[in-house]
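Those protein sequence lines, which keep their order, are chains A and B. In case it helps, the numbering used here puts the first sequence at residues 1 to 531. In case it helps, the numbering used here puts the second sequence at residues 1 to 400.
If you're looking for bench data, these hints aren't it; they were derived computationally from the structure. Hints may be right or wrong, so weigh each one.
[Claimed, not checked] Derived pair list, reagent style EDC-like, types lysine to aspartate or glutamate, alpha-carbon separation capped at 16 Å:
(1) A:Lys78 x B:Glu395
(2) A:Lys242 x A:Asp396
(3) A:Lys417 x A:Glu381
(4) A:Lys402 x B:Glu211
(5) B:Lys37 x A:Asp104
(6) A:Lys78 x B:Asp301
(7) A:Lys27 x A:Glu69
(8) B:Lys37 x A:Asp352
(9) B:Lys37 x A:Asp232
(10) A:Lys402 x B:Glu214
(11) A:Lys172 x A:Glu127
(12) A:Lys275 x A:Asp310
[Said to hold, decoys possible] For the chain A half of the interface with chain B, some residues (derived, Cβ under 7 Å), not all of them:
(13) Ile84
(14) Gly102
(15) Asp232
(16) Gly401
All values reported here derive from a predicted model rather than from experimental measurement. Just so you know, even glycine gets a beta-carbon here, dropped at the ideal spot from N, CA and C.
So the chains spell out like this:
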Amino acid sequence: MTDTNRYDAIVIGGGHNGLVNGAYLAKAGLKTLILERRHLVGGAAITEELFPGFSFTTFSYALSLIRPEVIRELELVKFGFNPIHMPTSFAPMENGDYLLLGPDRDENLREIMRHSPRDADAMDRYEHDITRVLQLMYPLFDRVPPNIFGKTPEDAEDVAWLLGHLGSAEPKVVHDAVRLITGSIADFLDDYFESEILKGYLAASSTTGTKVGPMSAGSGLVSLMMAMGEHDGHLGSWSFHKGGNGGFTQLLATAAQAFGAEIRLEAAVDHVITKDGRAIGVVLADGTEFHAGVVVSALDPRQTFTKLVDQRELPDDLVESIDRFQFNGTSAKVNFALDAAPRYPALGDRTDQYRGFISVAPSIEYLERAYDASKYGWYSERPYLDCCIQSFLDPDMAPPGKHVMSCFVQYAPYHLKGGDWDTERDNLGDTVQATLEGFFPGFGALVLHREIVTPLDIERVVGLSEGNIYAGDFLAPQMYFFRPAPGWSQYRTPIEGYYQCGSGTHPGGCVMGAPARLASQQILKDRVATS
Amino acid sequence: MVKTTPFHPRLAELNTTQLWTHWAGYLSATQYDVAGKHEYFGVRNAVGFFDASPLHKYEISGRDAERFLSGLLARDIRTCRPGRAQYTIWCDSSGHVLEDGVVFRHSDTDFLLTAAEPNLSFLQSQIGSMQVCVVQVSEQYAMLAVQGPRSRAALAALAPEVNRLGYFGHAQSKIAGCEVTVSRTGFTGDLGYEIRIPSDDALSVLDAVLEAGEPHRMRPFGDQALNLLRIEAGLPLIGVEFTSSRYSFNEHDRFTPDELGFGWLLKGIDDESRPFVGRRSILAERANHASRWTTVGLSVDSRAYDSLFFDAGLVPPKDEPPAAWETMLYDDRGERAGYATSYTYSPMMQTHVGIARVRPELAVVGNTIHVEQTVNHVYTTVAATVTKLPFFNPERKTSM
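In isolation and in its complexed conformation, chain A is listed as follows (with noise of 0.2 Å):
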């Protein structure tokens, strides 16, 4: 083995928050190498010409939940950071009417009013509770959890914060945020609206991407979650990055160069190398070894515990937990090239309504009925779907006149009963096809190419386990001081030197950034106390 193959620092995973976690510990003036299974760094929020000319965000395809120390810490703006507001949301209708929100506070509510005059002054309510949870929440985003099990004087103090930090908030905002985590987005819901389109819009997010429905409990949790994006002080507002989230990652990739990090391509790791209880490298699927006294992984924790380290190393229950762990991926993408825009019919030539999502979830209902599908071990015969016409906000994306669009897809679970995913996929690309076609008349006839991503394409390709977007599913038992295991939440691991800072780590899923920034201040810190 040669010096040139020692590093400070090794990351396995070149996913969004590979390249977080690598820019940081670079930054710190760590030798840092970043080593992604792909030709393209990105994992999941990558951008891909599929069809010449269409720039397709193949999986992940909005920007949000990145928090705002991850941009000013790396200097992001620096490197081209170039977000594009998505101002509207426009939610169609069975029977042809629709509710197109923007960002007009008063036209919002004669909107509403449209629907049901008694939710416009709900709405405000509503909206107002939501940003009191949100502000609660906020600072648990941007700490390292408590270590509720921990014996030290440090472990105190935090879990002193917390208590301190909820102790002083308003009682009706903590148990609002209880309600939103332990409880149903309908029942939450059904206390503010009457209005059924104005509650599909509203709970659609709170299915996205975990195998719950609108009317289980947990929902709200997904609800809040999603809720907990910021942009430009818009407090639960999306946006979109110029290029897609591949964009996105490429910008990251940049950053972590600029501050030294080596990325290898093409680098799939296959185990991590320990010694005496510690890692000490890791050796590729090809035998090339790399040797550093830190290794962190990105990837989920099923493959962090069980794939890239020996697990008879770790102890029984942080095993036992592992396999307990809930990675129901119940989401698929079909991305469409388009001809020219869509037409909605009561809309006529209009496309002012495709500057932000399309969410095709006409009441809870209509959510609750593509879940019991899925249930069962089946795709939604009528899916939820989340949609964006990114080449609206992003003219690059797509030829002039032509259009790429993006559809998140819910239910698709990764367990079909009684079928597989390669011989359903393209009759799920039909089912897709054929709900749109239902909204917007002569849908289909503008499709020149479409790309359809199973649970099990997400798996195959980016090795989320189970197809799961969060890399764990976000369930109460599996969020903060439980991610991903009791006792674990802190990025470290019974092996001494062996981080995580992936999506399955607090506080989860979404290009968020947030893992990868807290588990960089674990390693600093370890460092600091060790050296």
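Starting from the known structure of chain A, arrange chain B on it as the hints suggest.
The following block gives chain B in isolation, referenced to the frame of chain A:
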């Protein structure tokens, strides 16, 4: 009675909000649709167009036209070849800035000057015995600014000349059969062009531009988006950053070019062969180090800003239109440091930025300045860093 520009019939159709402001005596759209902020993003990521017709325009021609402008304008017009344009300022004899504008050179003896304020009698008063003719042509031409990274692609189909235009170059072209002048100029700090069109042809040209821009997602943008764009571009606005020294009541209301950050326009000021109005005073100001202010950029520490509001139980406001008044600045000791003339949240910079005047000794890039901020109805401050202007300066703005 407020006037409407030649583009108005079409713009009135496009302005779904019916929100208008008055600019130089004309109706000017505040924003065109409910998502006003998106007009800003439209320019930064695709292409937008703005009706700049209300600008005052003067044709300046004659055997002595160059000598006339060379003695009046602070920037050396002799370095501007035909087919080029210059951003410029003019001063009074005490070396204080009167106004700014853009001068286009069409030939050795023919120029066109655009300005935000009327200047005909002033310009004519400067002629003396020179053989120069100054004619107001403000209403004879409409001006359409087409700005953003897709502006070249959108216009190239109509006016292939744009492919050859360097930054601040201009050329004659024909759009929809109408003679126009296309220049690579604008007020957004981005790749962009302005089209000067005989007023009678304005609608035909606009319709052609609309059609050519459609596949590029071109959209109109209003006054609000323009203000945000120009602050990011570090471009001063008369009436905001400064007012004409001619109308000042005291020394606090007048500024020298160096104080306003216009020093770069004064290249060659030491050249004795070009006396211009205000030159000797400016030289004296420089020799005596008498500038009272230095214009800098301020970039707010976004972490400090967010904490200020979160810790007070509030959501940090980031989406207001640029502050309509001056924002006070302090140094580390709490002494008055100066004031920001423009202050706004910048989406491209992801923090609040300001165009500011500070005491010259504080104008060191990286210095900390404290910006006055109201939280829970109490004055406090937030830290900002002195930066260079412009804040946003993409390569595409000037590249070929």
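These are the hints, each one checked on the structure:
1. For the given pair, lysine 78 of chain A sits about 13 Å from glutamate 395 of chain B by alpha-carbon distance, which is consistent with the 16 Å threshold.
2. Among the hinted pairs, lysine 242 of chain A with aspartate 396 of chain A is consistent with the structure: their alpha-carbon atoms are about 9 Å apart, no more than 16 Å.
3. For the hint pairing lysine 417 of chain A with glutamate 381 of chain A, the CA-to-CA distance comes to about 15 Å; that is within 16 Å, so the pair holds.
4. Under the criterion of a C-alpha separation no larger than 16 Å, the hint pairing lysine 402 of chain A with glutamate 211 of chain B is consistent with the structure, at around 15 Å.
5. Note on lysine 37 of chain B and aspartate 104 of chain A: the hinted pairing holds, with a Cα-Cα distance of about 11 Å set against a maximum of 16 Å.
6. As the CA atoms of lysine 78 of chain A and aspartate 301 of chain B are separated by approximately 15 Å, the hinted pair is consistent with the 16 Å bound.
7. Pair hint lysine 27 of chain A plus glutamate 69 of chain A holds up; C-alpha atoms about 14 Å apart against a cutoff of 16 Å.
8. As the CA atoms of lysine 37 of chain B and aspartate 352 of chain A are separated by approximately 14 Å, the hinted pair is consistent with the 16 Å bound.
9. A hinted pair counts as satisfied when its Cα atoms are at most 16 Å apart, and lysine 37 of chain B with aspartate 232 of chain A qualifies at roughly 11 Å.
10. Of the supplied pair hints, the one linking lysine 402 of chain A and glutamate 214 of chain B holds, its CA atoms being roughly 11 Å apart against a limit of 16 Å.
11. Restraint check for lysine 172 of chain A and glutamate 127 of chain A: the C-alpha separation of about 14 Å stays at or below 16 Å, so the hint holds.
12. Note on lysine 275 of chain A and aspartate 310 of chain A: the hinted pairing holds, with a Cα-Cα distance of about 12 Å set against a maximum of 16 Å.
13. Annotation: isoleucine 84 of chain A was flagged as interfacial toward chain B, and the flag holds, the nearest CB pair being 5 Å apart, inside 7 Å.
14. For glycine 102 of chain A, the shortest C-beta to C-beta distance to chain B is roughly 5 Å, which falls under 7 Å, so the interface hint holds.
15. The restraint placing aspartate 232 of chain A at the interface with chain B holds, with a minimum CB-CB distance near 5 Å, inside the 7 Å limit.
16. Because the closest C-beta pair between glycine 401 of chain A and chain B is about 4 Å apart, less than 7 Å, the hint holds.
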